[in-house]
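Q: Got chain H sorted already, so can you dock chain F onto it with the hints?
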Amino acid sequence: MASCAKLLVGAMPLATGFRKLHASSFASTTYGLAFQRRLATDGASSHTAGPGSPAPYWVRIERVGNVVISSTSPNGTTWTEIRRETIAMSAAVYVGLAVTSHNNNALCTATFTNVQVVGVAAVAN
Amino acid sequence: MRTYLWLAVLALSLTACGGGDGDGDGGDGGNVTPPPSTPTLGSRVMPDTTVTVTSETAINAGQPASVLISVPDMPAGATLTAAVGVDRDTAAAVTITALPANHWRAAMTLPSPLLVGTCVLVTVTLADGSVLESGMEDFVLAR
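Residue numbers (numbering that gives the first Met the number 0), protein chains in the order written: chain H, 0 to 124; chain F, 0 to 142.
Derived by calculation from the structure, the hints in this document are not laboratory data. All of these numbers come straight from a predicted model, not from anything done at the bench. One thing to keep in mind: the hints can contain errors.
Each pair of labels, with its calculated beta carbon distance range [as the list claims (entries may be wrong)]:
#1 F/D88 <-> H/G75: 23 to 31 Å
#2 F/L98 <-> H/A91: 43 to 51 Å
#3 F/T49 <-> H/A97: 22 to 30 Å
One-sided and incomplete, this derived list gives chain F residues near chain H with beta-carbon spacing under 7 Å [as the list claims (entries may be wrong)]:
#4 L40
#5 M45
#6 R104
#7 E136
Just so you know, even glycine gets a beta-carbon here, dropped at the ideal spot from N, CA and C.
One chain only, chain H, in its complex shape (with noise of 0.2 Å):
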């Protein structure tokens, strides 16, 4: 089976350990649309398929105090929810893009277009 490379967007906390929290909306020429995330460190993670429309594609990622929602839309105006979860994060947490080709042993080259980060106090290191 070809593996196949995908995009994540996520918030990620100020925390210690390998595997963090995280929560991300990600495109996937192979996946298509999902949601994932991980609500505790060092935790399991979850994948909840949304669409199965291959990259490209809008997706976004959204939080509200603890809650964080993951949505799709075709066009960057229509947008339908996949799921929400509440994750304990701290206050302050890392926002990001990131590429996998899901193969240790290949590279893949992705491109992100029109990102915005809306509402968001930048903290200083």
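A: Below, chain F without anything else, positioned relative to chain H:
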């Protein structure tokens, strides 16, 4: 404290790399196949796991029905559950019966009325507690 943050990544485009993971199990070799006249509701690839759902009966509101769920690359130690509904929060769990070769039969009485968007939701829970959930558009019973 209420914080609000949203991050939009618009018009994502991505170029997949080549290569394969080479960890397939070579097929199930089982004898469970749906009748040839029944439709496949869909197939969805989640990370390293492919779920296919096929209707074994007619789909009519208020009537008994069954679907065949196939996960040929089911990870060792994983468990499977299924539910039927129009959204995740209200979907009703259905009885499933394990069959040979990584197949399961889900028997249910369909809701009446059968709302557009009613679907089969399949959840695979891996041995480490990780969860894979199918999408609302993957295995739709009523369009």
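Q: Next, verify each hint and record whether it holds.
A: The hints, checked one at a time:
Checking the proposed 23 to 31 Å range against F/D88 and H/G75 shows it holds: the Cβ atoms sit about 26 Å from each other. Range check, F/L98 to H/A91: about 50 Å between beta-carbon atoms, so the 43 to 51 Å window is met. At about 24 Å, the CB distance of F/T49 to H/A97 agrees with the hint of 22 to 30 Å. For F/L40, the interface hint is violated, since its Cβ never comes within 7 Å of a Cβ in chain H; the closest pair sits about 12 Å apart.
The interface hint given for F/M45 holds, since its Cβ lies 6 Å from the closest Cβ of chain H, which is under the 7 Å cut-off. For F/R104, the interface hint is violated, since its Cβ never comes within 7 Å of a Cβ in chain H; the closest pair sits about 22 Å apart. With a cut of 7 Å, the hint placing F/E136 at the interface with chain H holds, because the nearest CB-to-CB distance is about 5 Å.
Of the numbered hints stated above, those contradicted by the structure are hints 4 and 6, listed in ascending order.
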